[in-house]
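A.B. asks: First to last, the protein sequences are chains A and B. In this text, residue positions in the first sequence follow the working numbering: the first is 1, and each later residue adds one. In this text, residue positions in the second sequence follow the working numbering: the first is 1001, and each later residue adds one.
Worth flagging that the hints you see were computed from the coordinates, not collected in a lab. Since this is a predicted model, take the numbers as computed values, not measurements. There may be inaccurate statements among the hints.
Cross-link-like lysine-lysine pairs, in silico, DSSO-like; alpha carbons within 30 Å at most [unchecked claim]:
{"#": "1", "chain 1": "B", "residue 1": "LYS1025", "chain 2": "A", "residue 2": "LYS241"}
{"#": "2", "chain 1": "A", "residue 1": "LYS296", "chain 2": "A", "residue 2": "LYS237"}
{"#": "3", "chain 1": "A", "residue 1": "LYS206", "chain 2": "A", "residue 2": "LYS61"}
{"#": "4", "chain 1": "A", "residue 1": "LYS206", "chain 2": "B", "residue 2": "LYS1088"}
{"#": "5", "chain 1": "A", "residue 1": "LYS241", "chain 2": "A", "residue 2": "LYS222"}
{"#": "6", "chain 1": "B", "residue 1": "LYS1249", "chain 2": "A", "residue 2": "LYS25"}
{"#": "7", "chain 1": "B", "residue 1": "LYS1233", "chain 2": "A", "residue 2": "LYS439"}
{"#": "8", "chain 1": "B", "residue 1": "LYS1025", "chain 2": "A", "residue 2": "LYS25"}
{"#": "9", "chain 1": "B", "residue 1": "LYS1206", "chain 2": "A", "residue 2": "LYS25"}
{"#": "10", "chain 1": "A", "residue 1": "LYS338", "chain 2": "B", "residue 2": "LYS1206"}
{"#": "11", "chain 1": "A", "residue 1": "LYS61", "chain 2": "B", "residue 2": "LYS1388"}
{"#": "12", "chain 1": "B", "residue 1": "LYS1190", "chain 2": "A", "residue 2": "LYS88"}
{"#": "13", "chain 1": "B", "residue 1": "LYS1222", "chain 2": "A", "residue 2": "LYS25"}
{"#": "14", "chain 1": "B", "residue 1": "LYS1222", "chain 2": "A", "residue 2": "LYS61"}
{"#": "15", "chain 1": "B", "residue 1": "LYS1206", "chain 2": "A", "residue 2": "LYS377"}
Number of protein chains: 2
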Amino acid sequence: MKKELSLLMDLYELTMAQSYFIYKKNTFATFDLFVRGLPPNRAYLVACGLEDILDYIGNLKFTPEDLRYLSRQGLFSRDFLRYLSGFKFHGDIWAMAEGEIFFANEPVVRVTAPVIEAQLMESFLLNTINLQTMIAAKASRVVQAAGSRRVYDFSLRRTHGQDAGIKVPRSAYIAGFSGTSCVLAAKLYKIPAVGTMAHSYVMSFKQEIDSFLAYAETFPAKTILLVDTYDTKRGIKSAIKIGLYLKEKGYRLQGIRLDSGDIILLSKLARKMLDEAGLGYVKIFASGNLDEFKIKKLLARGARVDNFGVGTNMGTSIDAPCLDVIYKITEVTDENGKFLPKMKLSKAKVTYPGRKQVFRAQDKRGRFVKDILGLEKEKIKGRPLLMKVVDKGKVIYKTPALEKIRDFARLNLGRFTPALKEVIPSYKYPVIVSPGLKKLRQSLAGQLGKN
Amino acid sequence: MKKELSLLMDLYELTMAQSYFIYKKNTFATFDLFVRGLPPNRAYLVACGLEDILDYIGNLKFTPEDLRYLSRQGLFSRDFLRYLSGFKFHGDIWAMAEGEIFFANEPVVRVTAPVIEAQLMESFLLNTINLQTMIAAKASRVVQAAGSRRVYDFSLRRTHGQDAGIKVPRSAYIAGFSGTSCVLAAKLYKIPAVGTMAHSYVMSFKQEIDSFLAYAETFPAKTILLVDTYDTKRGIKSAIKIGLYLKEKGYRLQGIRLDSGDIILLSKLARKMLDEAGLGYVKIFASGNLDEFKIKKLLARGARVDNFGVGTNMGTSIDAPCLDVIYKITEVTDENGKFLPKMKLSKAKVTYPGRKQVFRAQDKRGRFVKDILGLEKEKIKGRPLLMKVVDKGKVIYKTPALEKIRDFARLNLGRFTPALKEVIPSYKYPVIVSPGLKKLRQSLAGQLGKN
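Using the sequences plus the hints, can you model the full thing?
C.D. replies: In structure tokens:
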């Protein structure tokens, strides 16, 4: 995080903080960040965004310029602004590793800290987890639909701004994409950078084949030709000429790309034409408004596509461009420093109180069979998914290399039943509430009702 | 733009650029950035994003680190990398002013430059216009639905990342929103910052009323109380106690906020209770999954809401989280430097060739009645919407103050028929193709067909 992002928060975090500063300087609280319900057709989510959160924690500072701005708002006392000028996070954070598979109501990040500090980071935490987890979940669906085919991210032009432009490729790569067209993301995160050519390139030449030839001469070993600018069949024929020309020179044409039209028909035709010309090694790329639904249909109907370029629909999570991600207080200390569990009791928006852990149970073959949402101190069988990543303000977790996170996500997902990973899932993974948590909830509901 | 954003581009921009560097160093081209078709229920768009584009043009540089990264890709020649190291934009850019209302197929940005330079900025231009125009269009719909009520942006927690977190409030403000909860956006763009309190704040106190009192003591002149954490009716009663307490001390409670439940019922109840208590001046805020459809319904059914807080649905443009925004080559110079018009002829994806302008015609009363998409040199009656903003690489346009852009958008939109601005629009604004452009298209289609 750059320093100038410290004010990337809702104003009420600061006004509440000032009130806490006056009334609750010594109060600690725990907040859970979780997703209330999964979007349509999602049967699981892929945790993503922790790297940015840890970066944020390590760099959160209010600059003199920030403080001057806040001072001009006529809301904040000199004392409070002085407090902000020396702000540092002192709490603990537990979180799921990036690439962890998780479900509704499971805390993915848990913050225990002075209430003022835990509150101030609400907006940033939500914003970060929302984008990256949403994209990783969507991208994972696309990867599942593509089966053994590779999928590449082409979404930069339609992602929501510059930050999404680099975070989407990272999240998609974690979820199993094989590369990105976004050079900055490729550079920052060491993701393979990929690309073909645009229609405008083809159109800038007099004849389509002139453009193919020029590109092939420039990148003889790395050419993928876009064949649908004018007439696709003619485009394939021209690509074959180039393929044969490269072959003569000892190079292999990498592929052709279909970006419009009937992909099933055209890919079969292209495969046949390429094979007959002795270019069986030339791969066929498909792109153009693809998503998991379309990819599944294409493959089911025998499309001869080797690699997919997926853009907008994944990069905006178009059918569900947000998660119902929330940050809820679950316990708060009383005047003696003792943590008391808390819950909200509005209709249809009940939350789970207390300091919790998620336990993942497996069967004898190592397959995951259910999660138990329980209290941290309960003895429950299963792997605890939340791990301590910040201890008394100090970041104690080092984000693994991106490749490792990607492997972790893949292996992790591989241990769930295939039914979870269908494009239209036929299975709901069981998340059980532990006896201890159930009891606590009931007892609190009784108290609140009487209040 | 920060320097490190120069690589925020698709890899193919760079590979094509290297090919242009070899084959088309002296070739100029014109590109149109436009939206192919409007998303469902949108009858107009609001141009937004030009400020960032001009900033980008002024700062586009490849750093030594960028060049080292590119060099490692094994794709680029030393000569080409040297060219990039001295890269500067030399072209002309014409664009619609921010706040301009526009329609499908109308160029909102037009670039004429050496083809290599025009190509390199494709991804950034598309990414920028897509986000900001999409949000301004969605936000404008929300503002229209709210009529005389004010609308505030609360979307930070669900916008797609950090950049969207500040660009969404700016775009929404241009479209008529009255403020934002995002402090960084408020600071950077001089937008009014607004906020209330969170459920967690209320829950961090023993009793709801304790939290209200603490907040009111901290901000006696600026308190808006969130009343739905436990029982909303009881929350309103507690808010009234605080309102009366503040009144005694010479302050006015600003408002209460309803964030869940039956807003129609609860707002009527709250209004009645507040009025009976002599707190007629206390405003009622509503929030919670609002959008233009819900706001229209609430108001039609008599909800007594004064101000709306709108978050996720606007900040992600949830029902249409992308625009079909594209960047198409429309002319290119031949070996003699003469511009030749170009168009794409794939099925269902035909483009308009040549260097174009958009002319807006009005009736005698000053109301806009139709646009004419024509060739720049045609003599057509109507206000030309594209203005020159970059001349031979130099930015010659100064972005007006945000308030001015906002006024321009409002006045501008006011000159269209109300039917255009309905939540479900009953009117399609006519965009006519000029005789000159029609003729050019036919002649090119003929040539391409024969090719």
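A.B. asks: Indicate, hint by hint, whether the structure satisfies it.
C.D. replies: Hint by hint, here is what the structure shows:
1. B:LYS1025 - A:LYS241: Distance of about 26 Å is within 30 Å: holds.
2. A:LYS296 - A:LYS237: Measuring from Cα to Cα gives roughly 28 Å; hence the hint holds.
3. A:LYS206 - A:LYS61: The hint is violated at about 56 Å.
4. A:LYS206 - B:LYS1088: holds (27 Å)
5. A:LYS241 - A:LYS222: holds (16 Å)
6. B:LYS1249 - A:LYS25: Status holds; Cα separation ~26 Å.
7. B:LYS1233 - A:LYS439: Distance ~28 Å between B:LYS1233 and A:LYS439 Cα, so the pair holds.
8. B:LYS1025 - A:LYS25: violated (65 Å)
9. B:LYS1206 - A:LYS25: Cα-Cα ~16 Å, so holds.
10. A:LYS338 - B:LYS1206: Satisfied, since the Cα-Cα distance of roughly 13 Å is no more than 30 Å.
11. A:LYS61 - B:LYS1388: Violated - the C-alpha atoms of B:LYS1388 and A:LYS61 are around 41 Å apart, more than 30 Å.
12. B:LYS1190 - A:LYS88: Holds. B:LYS1190 to A:LYS88 sits at ~27 Å (cutoff 30 Å).
13. B:LYS1222 - A:LYS25: Roughly 22 Å separates the two Cα atoms, so the pair holds.
14. B:LYS1222 - A:LYS61: With a Cα-Cα distance of about 26 Å, the restraint between B:LYS1222 and A:LYS61 holds, given a limit of 30 Å.
15. B:LYS1206 - A:LYS377: Holds: B:LYS1206 and A:LYS377 sit about 24 Å apart, inside 30 Å.
In summary, the structure is inconsistent with hints 3, 8, 11 from the numbered list given earlier, while agreeing with the others.
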